[in-house]
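These protein sequence lines are chains A and B, in that order. Per the numbering used here, the first sequence runs over residues 1 to 334. Per the numbering used here, the second sequence runs over residues 1 to 282.
It is worth saying that the hints were derived from the structure and are not from the lab. Possibly wrong hints are sitting among the right ones.
Stated by the list, open to error - So, partial list: chain B residues that the calculated Cβ filter (under 8 Å) puts toward chain A:
no., residue
1, Gly13
2, Val15
3, Asp121
4, Ser128
5, Leu207
6, Ser210
7, Leu214
8, Ala217
9, Phe221
10, Gln245
11, Trp248
12, Leu251
13, Gly255
14, Ile258
15, Leu259
16, Leu267
Stated by the list, open to error - Chain A is faced by these chain B residues, among others (derived, beta-carbon under 8 Å):
no., residue
17, Val62
18, Phe126
19, Val134
20, Tyr244
For glycine and all other residues, C-beta sits at the position ideal for the given N, C-alpha and C.
Okay, here's what each chain looks like letter by letter:
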Amino acid sequence: MLRFLLGRVTLILPTFVCVTLASFLLIHAVPGDPIEVRVGEHGIAPERLAMLRHQFGLDQPLWKQFLDYETQLAHGDLGNSVVTHASVWDEFLTLFPATVELGVCALIFALVVGLPLGVIAAVRRGTAFDYGLMGVSVTGASMPIFWWGLMVILVFSVFLGWTPVSGRIGDAFFVEPWSGFMLIDSWYSDDEGAVWSALTHLILPTIVLGTVPLATIARMTRSSMLEVLGDDFIRTARAKGLSPLRVVVVHALRNALIPVVTVVGLQVGGLMGGAILTETIFAWPGIGHWLVEAIQRRDYPVLQGGTLVIAVLVMAVNLGVDVTYGFLNPRIRK
Amino acid sequence: MRDFWRSFSQNRGAVLGLLLMVGLIILAVTADIAAPFSPIEQYRDAFLAPPVWMEGGSFRYVLGTDDVGRDILSRLIFGARLSLMIGFMVVALALSVGTTLGLAAAFAGGIVDIVIMRLMDVILVFPSLLLAIVIVAILGPGLFNAMLAVSVVILPSYTRLVRASALSELARDYVKATRSAGAGTLRLMFAVVLPNCLAPLIVQASLGFSNAILDAAALGFLGLGAQPPTPEWGTMLAGALQYYQRAWWVLAFPGLSILITVLAFNLFGDGLRDALDPKLKR
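Kindly generate the complete structure, drawing on both the sequences and the hints.
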């Protein structure tokens with residue numbers, strides 16, 4: 001097990017170095033010198049430019065600059081935003097809980113709805129329910145979520161007026177940002193209205209971001225269940241006279257879950273891409289919204305730092321899934 | 001081939017996808033005749049005219065008009081041409097580069113293999129839409145750059161697929177036989193091994209088509225893809241943001257077009273996979 005773990009970690013190291021190299025080259029691929037980008041449209045005297053270039057090490061050879069960048073990263077320094085001058089890492093930490101809150105809720109929503117639907121479709125294979133669900137799920141997987149989000153806002157917020165259009169909580173409430181998770185923070189604020197407001201703000205973005213994973217999970221669960229339901233041990237369990245519900249939920253589902261869990265783990269990257277669009281539509285103050293704004297403001301350090309952190313997170317999650325899978329399934333542990 | 005068609009045509013979803021695809025292609029090719037108006041002509045007498053079945057709608061503008069009086073139906077039809085073109089170009093680029101890289105990795109092995117595959121791993125680490133956004137941010141917004149970015153993002157799936165199938169083919173006897181008969185490496189790569197790796201590639205290409213259209217539309221929606229007044233569906237959605245609460249049709253139809261197109265290619269791709277993959281045959 002330890003060898004397997006070490007093997008996976010050493011495999012990821014070169015990728016990590018390549019990712020930092022890619023993020024380093026990003027800022028150099030942008031047309032114009034980083035200093036000039038930082039100065040903006042005001043212009044700068046040539047002597048001062050040369051001085052600043054020296055100060056930031058931009059007159060050094062590229063390999064030296066890359067080594068400096070790596071050292072800087074090793075100290076947890078991602079640079080500063082051109083617009084707000086705040087540290088990119090600090091901004092990331094402030095906004096990250098909002099994205100996690102949305103992502104976790106979307107994933108829970110997708111699992112809670114998708115798993116039972118997939119199981120029922122597999123058990124009732126070939127029925128109208130099965131065909132209907134598969135039709136809906138292929139549509140869900142094809143959904144342009146930036147449009148889906150707007151349509152949901154149009155129906156539930158504009159026409160029906162049930163939910164707010166954007167943001168995380170109503171203007172009337174002030175909640176001490178203690179954990180960064182609005183649901184938890186509003187819970188501890190002892191203000192029932194605040195909890196309700198946070199919930200109603202969360203529900204539409206959750207549904208929109210959860211749609212594609214929901215469709216994927218339902219399809220995956222169905223095909224995985226179909227495979228397991230044909231196995232011998234299910235026939236044995238049935239022959240023993242166990243109740244159909246027990247056979248399906250305890251015997252079949254437990255075995256069908258492994259591929260589903262793997263797929264869920266590997267969805268994190270896709271979820272981040274979806275979060276960019278969902279947060280933009282709902283003005284949700286998270287990482288996706290922050291990155292899109294960074295592009296519009298040409299705030300390259302934010303784009304560079306944010307992208308790097310997300311890539312590292314995706315790598316960490318993939319490694320985690322890999323290791324968990326190896327832990328659950330000794331056959332792939334060689 | 002007949003066997004393939006029999007198993008494909010049994011899949012109702014796949015046939016529906018194929019029909020939708022054919023319809024879209026016909027619309028795209030004949031856009032100049034099929035569209036009632038020019039996609040960029042502005043009619044000053046009809047701003048935000050509703051579609052025909054609503055009060056105040058007319059048959060002149062079947063799906064209504066947008067804020068500057070352009071006919072939405074015509075824009076959608078020309079948008080179909082654009083979207084299919086985007087899908088085709090992106091997949092063609094990713095497919096040709098990915099195939100070459102995958103074959104090179106499989107044939108050369110060693111350091112070449114490691115470098116190519118690590119590079120693909122790096123691309124895969126970034127969420128695809130985020131990477132596309134970053135690439136466009138560097139190259140500058142525009143339809144061509146957006147297509148380039150999407151091609152880069154979907155490249156690894158083709159490279160990995162070709163490498164994996166080429167490696168398993170390389171171990172077969174017929175490859176050894178051809179090699180000992182004196183065939184050169186290039187001939188082995190493209191004329192002997194590649195044709196035997198085609199089935200999964202075709203499926204991936206069909207599914208890649210829908211991804212390409214979806215991602216390009218998302219970039220257009222974020223203002224990074226095709227620029228107005230190009231009738232690209234995602235760009236049309238972005239343009240509708242300011243007044244969609246007053247005129248829902250400006251928002252609803254372009255998105256519906258994206259959904260239908262992506263759905264058609266996904267259904268078709270799923271059907272292809274089931275028909276081509278003998279393992280899934282019952």
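Hints and how they fare:
1. Gly13: holds, 7 Å
2. Val15: Given a least distance of 14 Å, the restraint on Val15(B) is violated.
3. Asp121: holds, 5 Å
4. Ser128: Holds - the Cβ of Ser128(B) comes within 8 Å of chain A, reaching about 6 Å at its closest.
5. Leu207: At 10 Å from the nearest chain A Cβ, Leu207(B) fails the 8 Å test, so the hint is violated.
6. Ser210: Holds, because the Cβ-Cβ distance from Ser210(B) to chain A comes to roughly 7 Å (cut-off 8 Å).
7. Leu214: holds, 6 Å
8. Ala217: Nearest chain A Cβ about 6 Å off; hint holds.
9. Phe221: holds, 5 Å
10. Gln245: holds, 5 Å
11. Trp248: holds, 6 Å
12. Leu251: holds, 6 Å
13. Gly255: This interface hint holds because 3 Å falls under the 8 Å limit.
14. Ile258: holds, 4 Å
15. Leu259: OK, holds: Leu259(B) within 8 Å of chain A, min 6 Å.
16. Leu267: Because about 6 Å separates Leu267(B) from the closest Cβ in chain A, which is inside the 8 Å limit, the hint holds.
17. Val62: With a closest approach of 20 Å, the Val62(B) hint is violated.
18. Phe126: holds, 5 Å
19. Val134: holds, 6 Å
20. Tyr244: At 7 Å from the nearest chain A Cβ, Tyr244(B) passes the 8 Å test, so the hint holds.
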